[in-house]
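**Q** Assemble the whole structure, with the sequences as input and the hints as a guide.
Under the numbering used here, the residue at position 11 of the first sequence is numbered 11, and the numbers go up by one with no gaps.
Any given hint might turn out to be false.
Have a look at the derived ranges for each label pair, beta carbon to beta carbon [unchecked claim]: (1) R561 with E182: 28 to 38 Å; (2) D432 with F563: 51 to 61 Å; (3) G84 with D377: 40 to 50 Å; (4) K189 with Q549: 13 to 23 Å; (5) G228 with T137: 28 to 38 Å; (6) D432 with N62: 45 to 55 Å; (7) F563 with R533: 23 to 33 Å; (8) L96 with R561: 34 to 44 Å.
It is worth saying that the hints were derived from the structure and are not from the lab. Don't be surprised by glycine CBs; every beta carbon is placed ideally from N, CA and C.
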Amino acid sequence: MRLSSYYLPTLREEPSEREIPSLRLLLKAGYIRRIAAGVYTFLPLGFSVYKKIENIVREEMNRAGGIEILMPALNPSELWEESGRWTNFGPELFKLKDRTGRDFCLAPTHEEVSVEIVRRTVKSYRQLPLLIYHIQTKFRDEPRPRGGLIRAKEFVMKDLYSFDRDDKGLDESFEKIKIAYERILQRLKLPYLVLEAEAGAIGGKYTLEFTVPTPSGEDEVILCENCGYASAKSIARIGERDTQEEDISEDTNLKKVHTPNLTTVAEVASFLGIEPKKLVKTLLYLLDGKPIAALIRGDRELSESKLALAIGAKEIRMADEETILRLTNAPMGFSGPVNLKEEVTIVADKEVAGMKGFVTGANEKDYHFLGVVPGRDFKISLVADIRVAQMGDPCPQCGEDLMEIRGIEVGHIFKLGTEYSEKMQAYFQDEDGSLKPFVMGCYGLGVSRLVSAIAEVHHDEDGLCWPPCVAPFDIILILVNSQDEEQRRVAEDIYARLSDRMSVLYDDREESPGVKFKDADLIGIPLQIVVGRKVKDGIVELRLRKNHQTEDVPIEEVEERTFAVWEKIKAE
RNA sequence: CGGGGCGUGGCUCAGAGGUCAAGAGCGCCUGGUUCGGGACCAGGAGGUCGGAGGUUCAAAUCCUCUCGCCCCGACCA
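**A** See below:
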């Protein structure tokens, strides 16, 4: 491709959206352009990278036994009502009406359509397992798009849906796709973590998240560097550690103190002149409608997900003011475990169970208790790991200190079981003649998001630096002085010779050398050939974008040498 | 949805009642010079200052409303 007749709008100045490196560089290097918040156009170079990623994903899905179809972006409301997600999915679901007033949504994911297709066409266990996938533009009405392609309102996703006879089949399908994902991320030269995660709006019993660690990511990850334990922060488990000295207070005489209008941990602590960790906060929740008091140290954060998990509840929501008043006889801010109504189940965080002589609300307006001791002053119904893990907490597997890092979630896979197939009445006939619901799994991978993830990992101060397998071109051929007849002749010649076996971007523009070198580094094509002043000695330069390593190559050996180097860097 | 910020040629920004019947740098067009790390000279095109109301003799500038965008948070594959 001749750059003089190509379409590459690079920016000389830094774009105004420059918070995260990948977005800044993708905009500056002319890969993408923003059309609206969370909506982007792929320009030629960006589209090229996108297509290469898409193809790698496709190859690995096919290798894992997936069969590609294409489902519609526009979905009728009926299917979503069957699954219950027309309302449950929440405001993120893009809804619209056609001219006759019929309801549709722009699909954010395709469980409904895939079940609809399979239930109409698959009737026998003999047709299972079935792994269908598609790569499609999907939509989510994000409250706040960010990071360019990372969290967009419109994005491209690969979703695979597995249909099996039973749990064993599901386990096998799940494992196949998990391996495929690891292969994809390895091929894309992305470091990644496989996390225990939450199911969110998709549902399901068991899920794994594939996350690329990077400081600009928005996913919060808890990691153990010692044993490799990794989890989404919201559900990360915390290991055992002996009760600290500091958690046991000398003064264990139960005493009521006047704390007028002090409702927050910070206020009470500063009023009493003690540290927030000497307090225990009592958070009232309704889990599947049943009242629960969750006890947690004053300076810690409760994980609603872990609490729900510990109780085995499906639905969790904070108790409203009225309920709190009814259960504790006091307004919000003065709740405590002592003298709570019978009907309230007291769940204490592991850490709290070891504490003694702490401060809690007194279940009476404007009063707190000092010197509270569990067992003596109130009864704990359940001790559980319910707080949000943070840096320094012990690893649940090996006990070492946990780390907190950030990452970009690029994939998420779920064991759905029969949730959708039962709701949508999707049955097949098994070997024994009985009708059974399909056992399903679903496996998402953010294809457009991967473009950003790779850019986020593979760049330097000069610009992007693509791994060869996804680079928009294999090599950029730079004609330094377009006025110099000899240089031009040599460049044209090399362009013709290389183009048979490689994709070559030939910078034949009448630009000054500085512009060409800067652009070449910025757009990040892995190999560069510089046809410049050494031509008169019969030499051109072959350079690596990655480390700017340069070698002089005699013109007649360019092909041979270039192919050799190309093969080498591809194999790295 | 809460908090903060910003909308001025294609891009990055300055201008904060009159001296702006609107500026700079970069980009773009014409001519010339230059040619190994975002060149130089000369000339030129390009803007209803996001939109709508209002205040004023006078509004890019002040007020009200509105739309859009960015950041932090809440939320979330």
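**Q** Look at each hint and say if it fits the structure.
**A** Against the structure, the hints come out as follows:
no.	hint	verdict
1	R561 with E182: 28 to 38 Å	holds, 34 Å
2	D432 with F563: 51 to 61 Å	holds, 60 Å
3	G84 with D377: 40 to 50 Å	holds, 44 Å
4	K189 with Q549: 13 to 23 Å	holds, 18 Å
5	G228 with T137: 28 to 38 Å	holds, 36 Å
6	D432 with N62: 45 to 55 Å	violated, 33 Å
7	F563 with R533: 23 to 33 Å	holds, 25 Å
8	L96 with R561: 34 to 44 Å	violated, 57 Å
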